[in-house]
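Trainee: Single-letter residue listing:
There are 2 protein chains.
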Amino acid sequence: MISELDILNSFQHLVEKNDDNLVVVGSGDDAAVIKSQKKDLVHSMDISKEGTHFPENSNANDIAYRSIATALSDLAAMGAYPSFITVGLTSNKTNIKWYEDFTNGLEAIINEYDIKLVGGDITFGDLNICINVFGYPFMKPLLRSNAKPDDLIYITGALGKGRKGLIDWKNNKKSKYIEEFFRPKVRFGLSKYIASFASSCIDISDGLFKDLGAICKLSQVGAILRYEDIPITNDINDLAYGDDYELCFTCGIECEEMLRNKGLKSIGKITEGSNIKLTKNNKDINFKKTGWDSFY
Amino acid sequence: MISELDILNSFQHLVEKNDDNLVVVGSGDDAAVIKSQKKDLVHSMDISKEGTHFPENSNANDIAYRSIATALSDLAAMGAYPSFITVGLTSNKTNIKWYEDFTNGLEAIINEYDIKLVGGDITFGDLNICINVFGYPFMKPLLRSNAKPDDLIYITGALGKGRKGLIDWKNNKKSKYIEEFFRPKVRFGLSKYIASFASSCIDISDGLFKDLGAICKLSQVGAILRYEDIPITNDINDLAYGDDYELCFTCGIECEEMLRNKGLKSIGKITEGSNIKLTKNNKDINFKKTGWDSFY
Numbered sequence: 001m002i003s004e005l006d007i008l009n010s011f012q013h014l015v016e017k018n019d020d021n022l023v024v025v026g027s028g029d030d031a032a033v034i035k036s037q038k039k040d041l042v043h044s045m046d047i048s049k050e051g052t053h054f055p056e057n058s059n060a061n062d063i064a065y066r067s068i069a070t071a072l073s074d075l076a077a078m079g080a081y082p083s084f085i086t087v088g089l090t091s092n093k094t095n096i097k098w099y100e101d102f103t104n105g106l107e108a109i110i111n112e113y114d115i116k117l118v119g120g121d122i123t124f125g126d127l128n129i130c131i132n133v134f135g136y137p138f139m140k141p142l143l144r145s146n147a148k149p150d151d152l153i154y155i156t157g158a159l160g161k162g163r164k165g166l167i168d169w170k171n172n173k174k175s176k177y178i179e180e181f182f183r184p185k186v187r188f189g190l191s192k193y194i195a196s197f198a199s200s201c202i203d204i205s206d207g208l209f210k211d212l213g214a215i216c217k218l219s220q221v222g223a224i225l226r227y228e229d230i231p232i233t234n235d236i237n238d239l240a241y242g243d244d245y246e247l248c249f250t251c252g253i254e255c256e257e258m259l260r261n262k263g264l265k266s267i268g269k270i271t272e273g274s275n276i277k278l279t280k281n282n283k284d285i286n287f288k289k290t291g292w293d294s295f296y
Numbered sequence: 001m002i003s004e005l006d007i008l009n010s011f012q013h014l015v016e017k018n019d020d021n022l023v024v025v026g027s028g029d030d031a032a033v034i035k036s037q038k039k040d041l042v043h044s045m046d047i048s049k050e051g052t053h054f055p056e057n058s059n060a061n062d063i064a065y066r067s068i069a070t071a072l073s074d075l076a077a078m079g080a081y082p083s084f085i086t087v088g089l090t091s092n093k094t095n096i097k098w099y100e101d102f103t104n105g106l107e108a109i110i111n112e113y114d115i116k117l118v119g120g121d122i123t124f125g126d127l128n129i130c131i132n133v134f135g136y137p138f139m140k141p142l143l144r145s146n147a148k149p150d151d152l153i154y155i156t157g158a159l160g161k162g163r164k165g166l167i168d169w170k171n172n173k174k175s176k177y178i179e180e181f182f183r184p185k186v187r188f189g190l191s192k193y194i195a196s197f198a199s200s201c202i203d204i205s206d207g208l209f210k211d212l213g214a215i216c217k218l219s220q221v222g223a224i225l226r227y228e229d230i231p232i233t234n235d236i237n238d239l240a241y242g243d244d245y246e247l248c249f250t251c252g253i254e255c256e257e258m259l260r261n262k263g264l265k266s267i268g269k270i271t272e273g274s275n276i277k278l279t280k281n282n283k284d285i286n287f288k289k290t291g292w293d294s295f296y
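Chains as they are written, first to last, in my numbering: chain A, 1 to 296; chain B, 1 to 296.
Simulated from the structure, these hints should not be mistaken for lab results.
You may find that some hints are simply not true.
If the Cβ cut is set under 10 Å, some of the chain A residues that face chain B in the computed set are [claimed, not checked]:
hint, residue
1, 38
2, 46
3, 132
Positions of the beta carbon are idealized from the N, C-alpha and C atoms, including for glycine.
The shape of chain A in the complex, shown without the other chains:
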C-alpha cells in the first residue's frame, strides 16, 4: 500500500520549483504566502470527476492536464492571464506510477503556461480533482454582461473537436482529435488580443448555445447565428455539445476588419430581445428539430 508521503514525494519537486519572487512561503508550512502583485485577483474553481468530466481509464497524465486546462479556460474567458494554481486531489489509485503520471501531466501544463503550483491537499476516495486557478486581468475583466445589440459574435476555433476526440478515444481510433479532448489549448493569446475591445466573453465549455445564452441572459439581449459561418467538426450538434474551450466573444462592428485580418469571421450578431435564433442561408432553423433546445 502506498502512503500519503509516497504520493506527496512525487509532487514535491513541483512545489519546490517556486524559487522566484511569487511564492514567499511554499510547501511545508500551514499555508502558502503569495507575494502581492498589487492587481485585482481573478479566481476560478473547477471540479473534474472520473466518469463525469473525463472517462474511466483515462491516462493520469491526461487527467491532470485536462483538469487544469479546463479551469484555466475560465481565466482566459475573463480576459486574465494565469499566475498560480492549487490542486485538491482525491484518489483511490494504489499504484505509485499513477501519481507519477499525474504529476507529469501537472508539470507539463504548469510549464506550458508558466504558472506556479502553490499548494493543495491529497485524500483517499473516488477520483476527484478540485483545481483552483488564479490570475490577473490583461486589461479590464471581460464580463458576460456587456454585450450590446448589433455587436458581432465570434468564436476562436471550430466546435466539436473535443466531442470527436472523445468518440475516437472510445472507439480506440487513432485521431488528432483525441488530444483536443484530453489536452485542450487554452486561448490566452486571443484573450489578450481581444481584452481591449471585446464587449463580452465566455468559454465554450457547455456548448455554444448554452454559453452564448449566458452572455445574452446577463447582457439582456438576444442573438442571431448564421449556421453556414460557424466552423464545426461533426454536425449541427457540435453547436450544443461543449468540451471545446474555445472563446465566444462579442465586439462592436468597428472591429470587424481588424478581426478579419486576424483570420476571424463573425458567426452572427447580438440583437434586441431575448431570443437566440439560428439561420442557415437566411432561413430559420427550428431548434426543436435539431435537438439542442434542451440546453437552453
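Add chain B to chain A, keeping to what the hints say.
Mentor: Chain B alone, transformed into the frame defined by chain A:
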C-alpha cells in the same frame, strides 16, 4: 431528482451578499475578481471527506461548518486573518433539505468570521468538500521553521476535546464536547496576539506530537514536553490524537511573564538536537509504551 440549479439556488444568496468592495465581479461570470489588498496573500486548501474527516450521517450544517473551520485554522496557524473562501462541493445527496442545511452551516461560519464566499463548484459524487481559504498576515507570516533552542512551547487550549466529542457523538451522549468536534473555534484572536513575538506556530490538527514534530523538523531543533503541564481532556493519547485546532507556538523566554498574565503556561521548551522528549515530574516517559511514537 434535484437539479444543479436547485442546489445553486440554495447557495446564491451567500455569493450575492458580496456587495462590499472586496469582490469586484462575483457569481455568474467565468471567474470572480477580488480587489487587490496590496498585501501578500495567504492561502490554504483542505479536503474533507465523509468517513475520513467527519463520520457518516453527520449533520450537513456541521459538515459545512467543520470543513471550513479546519481550513481556516491553517490561516490562524500562519498568523493570518481570513478574507474570503471558495467551496468545491461533490455530493451524492438528493434531498434539497441537505443542501439548505449545508448552506446554513456555511452562512454561520462566514458570518462568524466576517469572510466572503467568492466562488466554487458543485458536482455529483461521493461527499467531498474542497475548501480554499484566503487571508492576509496580521504582521509577518508565522512559520514552522523559526523555533530556537530555549524557546518556550505553548498551546492555546486543552487537547482531546474533539476526540471526546466524536466519541460522545458516536455513543449518542449529550455532551458539550460534540460541538468542539463539529464546530471547532478558530484561534484568530490568539493568532493576532502572538503574531508580533511568536518564533513559530502550527495548528494541532494531527496531534501535538506530530505537529510539534513538524516545527522541530523544519526548525532543526528538538523539544522537551512536561506532561503535567499539558491540559488534556481524556488521557495521554490526547497528545497524539489531533482534531483539536488549538495552536502550538514557541517564543523566547522574555515573553513568559506576559503570557502568564494572559493565562498561558508553557508546556515545555525547545532544545538542541532532533528528539522530542516527554517527561512527567522530571522523569522520562517512554513513547513506545504510550503508543504515540507511530505518529512521529
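Trainee: All the hints need checking, so say for each whether the structure fits it.
Mentor: We went through each hint and held it up to the structure:
Interface hint status for residue 38 of chain A: upheld, as the beta-carbon distance to the closest one in chain B is roughly 5 Å, under 10 Å. The interface hint given for residue 46 of chain A holds, since its Cβ lies 6 Å from the closest Cβ of chain B, which is under the 10 Å cut-off. A hinted interface residue such as residue 132 of chain A counts as satisfied when its beta carbon comes closer than 10 Å to some beta carbon of chain B; here the least separation is about 5 Å, so the hint holds.
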